[in-house]
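Given chain E, put chain P in place with the hints provided.
Just so you know, the sequences run in chain order E and P. No gaps in the numbering here: position 110 of the first sequence is 110 in our numbering, and each next residue is one more. No gaps in the numbering here: position 134 of the second sequence is 134 in our numbering, and each next residue is one more.
Keep in mind that a hint or two might mislead.
One copy or two, it doesn't matter: identical chains are merged, so the pair holds either way.
DSBU-like, lysine-lysine: derived pairs with alpha carbons at most 30 Å apart [what the hints assert, rightly or not]:
1) Lys20 with Lys91
2) Lys23 with Lys91
3) Lys15 with Lys171
4) Lys71 with Lys58
5) Lys58 with Lys23
6) Lys171 with Lys20
To be clear, the hints were calculated from the coordinates, so they are not data collected in a lab.
Chain by chain, the residues run as shown.
Protein chains: 2
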Amino acid sequence: MDSLVNVFNRRSIRKYTDQKISKDDLHTILRAGMAGPSCANTRDWSFIVVEDKETLIKMADANGIYAAPLKGATLGILILGDLERSVEVAKDYWIIDGSIAGQNMILAANALGIGSVWLGTYPQMDRVERQRELFQLPEDKIPHSIIAFGYPAEEGVLKPDYEEDRVHFEKW
Amino acid sequence: MDSLVNVFNRRSIRKYTDQKISKDDLHTILRAGMAGPSCANTRDWSFIVVEDKETLIKMADANGIYAAPLKGATLGILILGDLERSVEVAKDYWIIDGSIAGQNMILAANALGIGSVWLGTYPQMDRVERQRELFQLPEDKIPHSIIAFGYPAEEGVLKPDYEEDRVHFEKW
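If we strip away everything but chain E, and leave its shape as in the complex, we get (with noise of 0.2 Å):
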């Protein structure tokens, strides 16, 4: 697909039909996920990949009421904060860089014809407390965000456009 239309008609997915993944995409979305940049390329992300349906449903209600199409999706991808690899002068850009993570996986998804929604996580503190607790994670793993990923079985919606006056040149 070309890559400025997949960047364009990129919608959030949230029913999924009951096809499989491949592995190999799988392996797709992930390296996605790693190709981004990161502060001083630290790469300070680890993802947790679940097709367990009961696991998934654990999941979405670990998250609150919008990640309940986690429950239909074909796997989810919880990304992790990993402060292990992160430089200490700069720890806190693991959020952003597990942001750029997801929004890769997404496009690479989104590329190979597999829907996707963003689930939020961080920085709700009860969400990321119960996603901790249910994948028993070490201290300095921070469950970011979830990705939910499946065949699409709805049109999904196209959001506004270009705004004009969210654009300032030159100065403020």
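What follows is chain P alone, placed relative to chain E:
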């Protein structure tokens, strides 16, 4: 450009030719910045586009030594978290939403043959405050990151690819 190729061949470019970026391409880059998902579709960002050489130098100086590439860039975009738009219960998603916008702009630029490098501002608060002062920003606009853009005058370096040990299946 093929979408997956675009994701995988992106690299940070810190040296640029004198070639200008057209208005159309700038529009495409900004539109890409607005095409990602955001928390509850708040689109809680704004952008300052800078082409003026003197301002680029001031922005670079305000952002620390690693921002030096901005001095030779064709243009820089300062991403702002725009709290005027954010949801009260989930205010701090602007950090994630601004990051998604940044990566989308970088990928759109790459698809157009334009190089870029991500210059971290937030959460290093000295940098945030200096950008705020430089642009005399209102309280509810938070400097997030600067992306420097220009046609590449260097190859850039591809970073490590897939790392197996960063992926966990079903459990930590």
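Okay, the hints, checked on the actual structure:
1. Taking the shortest alpha-carbon separations for lysine 20 and lysine 91, neither the intra-copy value of 37 Å nor the inter-copy value of 36 Å comes in at or below 30 Å.
2. Taking the shortest Cα distances, lysine 23 and lysine 91 never come within 30 Å of each other, neither inside one copy (33 Å) nor across copies (37 Å).
3. In the homo-oligomer, the alpha carbons of lysine 15 and lysine 171 lie at most 30 Å apart only across protomers (24 Å), although the nearest pairing inside one protomer, at 42 Å, exceeds that limit.
4. Taking identical chains as interchangeable, the C-alpha atoms of lysine 71 and lysine 58 lie at most 30 Å apart only when both belong to the same chain, with a minimum of 9 Å there against 49 Å between chains.
5. Proximity of lysine 58 to lysine 23 under the C-alpha cut-off of 30 Å is restricted to the intra-copy arrangement: shortest distance 23 Å within a copy versus 48 Å between copies.
6. Taking the closest pair of Cα atoms, lysine 171 and lysine 20 come within 30 Å of each other only across two copies (20 Å); inside a single copy the shortest separation is 49 Å, beyond that limit.
Hint compliance for this structure: hints 1 and 2 are not met, and every other hint is.
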